[in-house]
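Novice: Sequence:
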Amino acid sequence: DEGLRRHLETSFGPRLAAWPPQSWSLETLTHAAFYFHPALDTARARWGVARAQVLTASGRPSPGLSITPAYTVGADRAPWHTQFGFDLTFETAGKRESRTEVAAQRAEAEWAGVALTAWAIYGGLRDALAGFQFATSTFALLRDEEEIRTEYVSLLDTQVSVGELARPVLDRARVDLQRTQLAVAGAQ
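Taking my numbering, the leading residue of the sequence shown gets 1, the next gets one more, and so forth.
Honestly, I wouldn't trust all of these hints.
Claimed, not checked - FRET-style restraints, in silico, Cβ to Cβ: (1) Ala135 - Val169: 31 to 39 Å; (2) Phe36 - Ala185: 27 to 35 Å; (3) Glu27 - Gly186: 51 to 59 Å; (4) Thr89 - Arg5: 49 to 57 Å; (5) Arg44 - Tyr152: 53 to 61 Å; (6) Asp1 - Val49: 25 to 33 Å; (7) Pro168 - Trp24: 43 to 51 Å; (8) Leu141 - Ala120: 25 to 33 Å; (9) Leu141 - Arg5: 34 to 42 Å; (10) Gly124 - Glu97: 35 to 43 Å.
By construction, these hints were calculated from the structure, which means they are not laboratory data. Ideal Cβ positions, reconstructed from N, Cα and C, are used throughout, including at glycine.
Working from the sequences, and respecting the hints, build out all of it.
Specialist: Structure, rendered in structure tokens:
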């Protein structure tokens, strides 16, 4: 993705040697997760709305002019006429400052929401990466165990064929080999 490449170049600068990277570190994967995860965009948008509410809360209320049709019953003149209204709001007792303070606190809370969302994304990525590394090492260990058990069964088969060992010992080793092969297939 070209946008991701620009994002990583901005974040890492000259440390990003080639594109695409040959290996992805936790830091590189974290930046990619931040770039692609929609929850972070949503949290940033909510923070932007909260910052805009601070500006709105600190403004003075606008005066209003209203023009409405009116109907008067029993008038000497025509019953329909136009009514004009002018609204001018005076704020008292520090209401604007209080409203601005509440909006600023909401903006701070939304910023904390952005940080918590980023932390949750990082935690999920870290857990997924740890799970992947665990699965990879488990798979490698199971492959090694399969090779060892295959060689062991081969040796036992030779011993049974020359009459040095009883058949049930070989059968048990084959069952263990099959269990290991199933585990390898499941790990893939």
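Novice: Taking the hints in turn, state whether each one holds.
Specialist: Hints, verified against the model:
1. Ala135 - Val169: 31 to 39 Å: Roughly 33 Å apart at Cβ, these two residues keep to the hinted range, so it holds.
2. Phe36 - Ala185: 27 to 35 Å: holds (32 Å)
3. Glu27 - Gly186: 51 to 59 Å: violated (32 Å)
4. Thr89 - Arg5: 49 to 57 Å: holds (52 Å)
5. Arg44 - Tyr152: 53 to 61 Å: About 58 Å separates the Cβ atoms of Arg44 and Tyr152, which means 53 to 61 Å holds.
6. Asp1 - Val49: 25 to 33 Å: holds (27 Å)
7. Pro168 - Trp24: 43 to 51 Å: At roughly 50 Å between Cβ atoms, Trp24 and Pro168 fall inside 43 to 51 Å, so the hint holds.
8. Leu141 - Ala120: 25 to 33 Å: Taking Cβ atoms as reference, Leu141 and Ala120 lie about 32 Å apart, which means the hint holds.
9. Leu141 - Arg5: 34 to 42 Å: Holds: the Cβ-Cβ distance is about 36 Å, inside 34 to 42 Å.
10. Gly124 - Glu97: 35 to 43 Å: holds (41 Å)
In this structure, only the earlier hint numbered 3 is contradicted, and the remaining ones agree with it.
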